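Going down the list, the protein sequences come from chains Y and P. Quick note, the first sequence lines up with residues 1 to 390 if you use this note's numbering. Quick note, the second sequence lines up with residues 1001 to 1079 if you use this note's numbering.
In case anyone wonders, no lab produced these hints; they're calculated from the structure. Small disclaimer: the values here were computed from a predicted structure and weren't measured. Heads up, the beta-carbon is just placed ideally off N, CA and C, and yes, glycines get one too. Don't take each hint at face value.
The following label-pair restraints were derived from C-beta to C-beta distances [unchecked claim]:
1) Asp-1035/P x Asp-291/Y: 32 to 38 angstroms
2) Glu-175/Y x Gln-1025/P: 52 to 58 angstroms
3) Asp-372/Y x Glu-1058/P: 36 to 42 angstroms
4) Met-245/Y x Val-1061/P: 28 to 34 angstroms
5) Glu-239/Y x Lys-1002/P: 34 to 40 angstroms
6) Asp-291/Y x Glu-1030/P: 52 to 58 angstroms
7) Asp-1057/P x Val-387/Y: 38 to 44 angstroms
8) Asp-291/Y x Lys-1032/P: 37 to 43 angstroms
9) Asn-386/Y x Leu-1077/P: 51 to 57 angstroms
10) Lys-1002/P x Arg-264/Y: 21 to 27 angstroms
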Amino acid sequence: MKLFYDFAYDSLNKVQEELCGDKVEVVEAEDSTIIVLADGLGSGVKANILATMTTKIAGTMLKEGASIDETIETIAKTLPVCNLRKLAYSTFVIMKISKTGKVNLIEYDNPPAFVIRNNRAYTLEKTEKEIHGKKILESVLQLEEGDMITLVSDGVVHAGVGGILNLGWQWSNVEEYLLRHSVMEKTAKGIANKLMDTCAYLYEQKPGDDTTVVTLKARKPETLDIFTGPPESQERDTELVHAFMKGRGKKVVCGGTAANIISRVLDRKIEVLMDTGTESIPPRAKIAGIDFVTEGVITLSHVVDNIIDYRTKRLLKAPGKNIEQINGADLLTRVFLEDSTHLNFYVGKAINPAHQNPDLPRDLSIKLRVIDQLKLQLEALGKIVNVHYY
Amino acid sequence: MKTINVCVGSACHLKGAYQVVNRLQRIVEEKKLEDFFVIKAAFCLGHCTNAVSVRVDEGAVFSLTENGVEDFLKEQLRN
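When you get a sec, could you build the whole thing from the sequences and use the hints?
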């Protein structure tokens, strides 16, 4: 089966710095994705410029098919020399993931990449090469399901130095941490968020260095089919339901009318799960053969807020003790973030007259906009999103 | 025994369906009316422009507000 390459990255800025001296650049080439992480010398503006130039040059040149030698030569000749240190320097890692699952790693002076296979640490065979006086380590890996590669800047390995910990946590501690969490976290974003959260904690929320993580996880693709909103013309109800049911993914129905349409066309009854309702979020329901049924626009706007929250504040709320009683928005947030790589939305464009009432909160009048926002947020997390309108 | 279906669709939710359901459940419990009424939620009853939609059995759809709940139940007990 074809694997899905789930990747995510995140940074903490050194305390009191507005700019990060680490930089991650992701470039989509024809048959591969190129991810470059660079850590510029120093911090603040200077480091940011060095790192940005490094990632931009590497990304652009490799995308256009330049060789590693040419690329590194260009970087070496282009970077401005620091007045203070008389050096032009930025460490970097280049990770090229081809569509066939082959990964090429090129590392220069960064903490070694962490590789996990079958829940165990995996040692890459690296060949050393000298290009323009720089010692470069090259390695290759053919991705298998569950493989995880994590790249970090030295801010991760040094987290806590001189503060909570005398020596910081060492490379091997970070590896152990990643081993433990790679089992619990299904997504690359989950791992990246956890690692950043822990680093921030070790730094007592005052990072002594720019701190960056890039995680790649080879996952089995998971598809989700989501039906929301009745079609503009009622005659298309049946067509929509059949298209929706034919999709291979898990089924999600969002919206009272959408649920009624499913119930009518498929002749299955709806059972509302009263206990799952809260003051702000209407209850979920159950329909045989549909994995999740929720109310529509209110629930989905909460999901958008939850995802934005997750992207900025990093940690996902625990689901609470009783998963049976989880409300629709928290449930869908979890399913969208964790249990899906591909999402297909089937969106009916009919306008509900009640939703046009200007007295109602803005929530209701903007169903289609909520879908747009949701698509943007999910795509920013690397998901493949398709929207079909009816 | 009457089944009271309260719409919990988007529009009714924003108009207070959650409160109506709670009030109905509370009154039924307080007045020991469990043998007369079952309170259920329903997805969109198709009367989105009115207040919270409530249907008794398979009959007509009423529009309820939280404060109208008590009178509504009295009315239903009389019929």
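Hints versus structure:
1. For the hinted restraint 32 to 38 angstroms between Asp-1035/P and Asp-291/Y, the CB-CB distance of approximately 36 angstroms keeps it satisfied.
2. The hint said 52 to 58 angstroms for the Cβ distance between Glu-175/Y and Gln-1025/P, and at roughly 54 angstroms that hint holds.
3. A beta carbon spacing of about 39 angstroms between Asp-372/Y and Glu-1058/P agrees with the range 36 to 42 angstroms that was offered as a hint.
4. Checked against the hint of 28 to 34 angstroms, the C-beta distance between Met-245/Y and Val-1061/P comes to roughly 29 angstroms, which is consistent with it.
5. Restraint check, Glu-239/Y to Lys-1002/P: a C-beta distance of roughly 38 angstroms satisfies the suggested window 34 to 40 angstroms.
6. Checked against the hint of 52 to 58 angstroms, the pair Asp-291/Y and Glu-1030/P fails, with Cβ atoms roughly 38 angstroms apart.
7. For Asp-1057/P and Val-387/Y, the hinted distance range of 38 to 44 angstroms is satisfied, since their beta carbons lie about 39 angstroms from each other.
8. In this structure the hint that Asp-291/Y and Lys-1032/P lie 37 to 43 angstroms apart at CB holds, the actual value being about 39 angstroms.
9. For the pair Asn-386/Y and Leu-1077/P, the beta carbons lie near 52 angstroms from each other, so the given range of 51 to 57 angstroms is met.
10. Taking the beta carbon of each, Lys-1002/P and Arg-264/Y are about 24 angstroms apart, inside 21 to 27 angstroms as hinted.
Hint violations for this structure: number 6 only, all remaining hints satisfied.
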